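Keeping the supplied structure of chain S fixed, place chain D upon it in accordance with the hints.
Chains as they are written, first to last, in our numbering: chain S, 1 to 338; chain D, 1 to 154.
Calculated from the structure, these hints are not laboratory results. Please note that a few of the clues may not be correct.
As the list claims (entries may be wrong) - Residues of chain S placed beyond 10 Å of chain D at every Cβ, according to the derived structure: (1) Q142; (2) D175; (3) Q245; (4) V279; (5) D334.
Said to hold, decoys possible - Which residues of chain D face chain S? A few of them, derived with a C-beta cut under 7 Å, are: (6) A74; (7) K76; (8) V151; (9) A153.
Please read these numbers as outputs of a predicted model, since none were measured by experiment. Glycine is no exception: its CB is placed at the ideal position from the N, C-alpha and C atoms.
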Amino acid sequence: MRVIDFGRSSPLRSQTLWHAIGYGVSAGAPVTLSFTRPAAPYVCIGYHRRIDEVDHDYCRENGLPVFRRMVGGGPVYLDAGQLFFQICLPARAVPAARAKALRMLLEPAVTAFRVVGVPASLDDDLEVCLGDRKICGHGAGQIEDAVVLCGNLIERFDHARAARVLAMADPAQRDQTVALMRRFVTATPVDPASFRAAMISAYAAALGLAAVPGELTGAERTAVAELDERFSSVGWLAGPERPAQPAGAAPRARQVKVRAGVWTFAATRDGAQVAASVVRGTVEQVWLRVGGLNGSTRQAERALTGVPLHSVAQVLTGFGDPGRRLAAAFATADPGRL
Amino acid sequence: MEQGEQVIVAGFPLALDRRYQAETHMWVLPTDPGRARIGMDPLGIETSGTLAQLSFVPVGTQLTAGRPFGQLEAAKFVGPLVSPVSGTVLAVNDAAAIDAGLTERDPYGAGWLIEASLSDAAGDLSRLLADAAEITAWFAAKIADYRRMGVIAQ
Chain S
1 MRVIDFGRSS
11 PLRSQTLWHA
21 IGYGVSAGAP
31 VTLSFTRPAA
41 PYVCIGYHRR
51 IDEVDHDYCR
61 ENGLPVFRRM
71 VGGGPVYLDA
81 GQLFFQICLP
91 ARAVPAARAK
101 ALRMLLEPAV
111 TAFRVVGVPA
121 SLDDDLEVCL
131 GDRKICGHGA
141 GQIEDAVVLC
151 GNLIERFDHA
161 RAARVLAMAD
171 PAQRDQTVAL
181 MRRFVTATPV
191 DPASFRAAMI
201 SAYAAALGLA
211 AVPGELTGAE
221 RTAVAELDER
231 FSSVGWLAGP
241 ERPAQPAGAA
251 PRARQVKVRA
261 GVWTFAATRD
271 GAQVAASVVR
281 GTVEQVWLRV
291 GGLNGSTRQA
301 ERALTGVPLH
311 SVAQVLTGFG
321 DPGRRLAAAF
331 ATADPGRL
Chain D
1 MEQGEQVIVA
11 GFPLALDRRY
21 QAETHMWVLP
31 TDPGRARIGM
41 DPLGIETSGT
51 LAQLSFVPVG
61 TQLTAGRPFG
71 QLEAAKFVGP
81 LVSPVSGTVL
91 AVNDAAAIDA
101 GLTERDPYGA
111 GWLIEASLSD
121 AAGDLSRLLA
131 DAAEITAWFA
141 AKIADYRRMG
151 VIAQ
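This is chain D alone, in the form it adopts within the complex:
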């Protein structure tokens, strides 16, 4: 899958061809009508620490927005990968489950997490950040926040 436009915001790459859930740092890239690929943005990854492991629910599992679709382990802390949408898991990225570093190295491309059919595409997608200017402003503000809090390097 080709990647669209990316910009660099305060040292972090930001893809502008997809939508974002601000709270979870998950991106959603619609691929076909009612279908999307989901991943984590580099800022979410950076604030998690070095990714040690990723695991996903099986293909066919029902997704509920706000509930986990897998687990991420970093710094001996296991936490949920929270779904930004509701629907059904169509595919999981086995390559990322085998090598979580793939998601660190290529978060917008080969390091995607799952693909899903969306049960309420219009509703779920409308709740995500979609406008390039809005996404860029949110991303820049989060970087500034995390740097101020000492969560990421200056």
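Bound-form chain S, shown alone:
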């Protein structure tokens, strides 16, 4: 197993270096575990996600570049308080079933956390957790014939900024997103050198390979240059082509995932506005704005608190036409899209 520690990298290179390894491993380079720490903060968005999920005005005003990666997941804020790791191996070495593949690729990271004193576990949602708090963001993807999984050791986490870089028009949603991030995402400030050493041992043992320090091949260096150009282009940042919503289709709720099973959304339908937080399928907090409730807005909010998301429409039937419009707004939320 080749081990490459890139040390501190520019925001752009902290993405393109390991993507280049993907192309290298696909072409026959050895299984590779790599590390890098961004030298400056930036924002990175998953391959399929809409670019308008990021607050570009805020990012521009605060000097935060935005890049699109080739692996999955949502828009995330990265800075020097996070040490990123990537494990890259031939696709044929990974089970075809994704849940199986992700478990195989994440379990050594869990082992490494434990070695450095963090009693981490991999939960049923395949999140690396400490109790119910996420401690490692991850994403995975296939680059040609290589599979790469990336994740991080969060030494410090700026929850407010991680929420601020996301486009959220509704202040209630933003407030609740920050609150849920503080509750469900936590840093584990262990010694990064010890974590790195534990990661190398854990992945080498899990894959049955000897760890050998290495460097990029010539072809990978060429790929870095090509990726630098690609990832800096407007076309790449825009993301894959997607069809427009059909005319008359309900506008989609703005949804923000905090960790698996924990998310917020804001939606407007027929003049009714909803912002809500959902924890494990249950509405935890909700803000309603709709005409016609005649002073019973708070009553409706209380009635919805603690209700399973799938039962919201039933509860709102007791609130007449405003309740019907609120239910329509709720119906635009879809946890399947998170």
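Here is chain D on its own, set in the frame of chain S:
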């Protein structure tokens, strides 16, 4: 487009009016001479996890059997949709690109992925599973394998 005969194999629907590529769980339904609709079977979908996103190459793109015609994201894992045939993309299913759940809900019907003209229809189709008994046996064996490995629920 009307759907043909479906059977239930160990809890999973299986359409018997089309051909299958065993490795990729892609189905190919010839629609006209030299033309086919392509989709993913429910077992391939189930083992991917909840589909979050689907994206396809543009109409007019050349297809090569064994190479991607799009990407599928599930469980924060982006992977290729691998073409079982060579040819040219004639249409992509915008509805599935907007709502990947459509492919989960109706994998043999409204959740199709692309339509293509086939550059080597006879060759490509002959490499796919076509016989109903053979398809059913393969599908049942895969379900048993995935259940044994804990990839899908018992």
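Do the hints match the structure? See the list:
Chain D draws Q142 of chain S into its interface by the beta-carbon criterion, the shortest separation being 5 Å against a cut-off of 10 Å. Even its closest Cβ contact with chain D, about 26 Å, leaves D175 of chain S beyond 10 Å, as expected for a residue assigned away from the interface. In this structure Q245 of chain S is not separated from chain D by more than 10 Å, as the shortest Cβ-Cβ distance comes to only about 6 Å. Residue-level check passed: V279 of chain S sits 18 Å from the nearest beta carbon of chain D, beyond 10 Å.
Look at D334 of chain S: its CB is around 8 Å from the nearest CB on chain D, not clear of 10 Å, so calling it non-interface is violated. Residue-level restraint check for A74 of chain D holds (minimum Cβ-Cβ distance to chain S is 6 Å; threshold 7 Å). With a cut of 7 Å, the hint placing K76 of chain D at the interface with chain S holds, because the nearest CB-to-CB distance is about 4 Å. Checking V151 of chain D against chain S: minimum C-beta separation of about 4 Å stays under 7 Å; hint holds.
Because the closest C-beta pair between A153 of chain D and chain S is about 11 Å apart, greater than 7 Å, the hint is violated.
Taken one by one, the earlier hints fail for this structure at numbers 1, 3, 5, 9, listed in ascending order.
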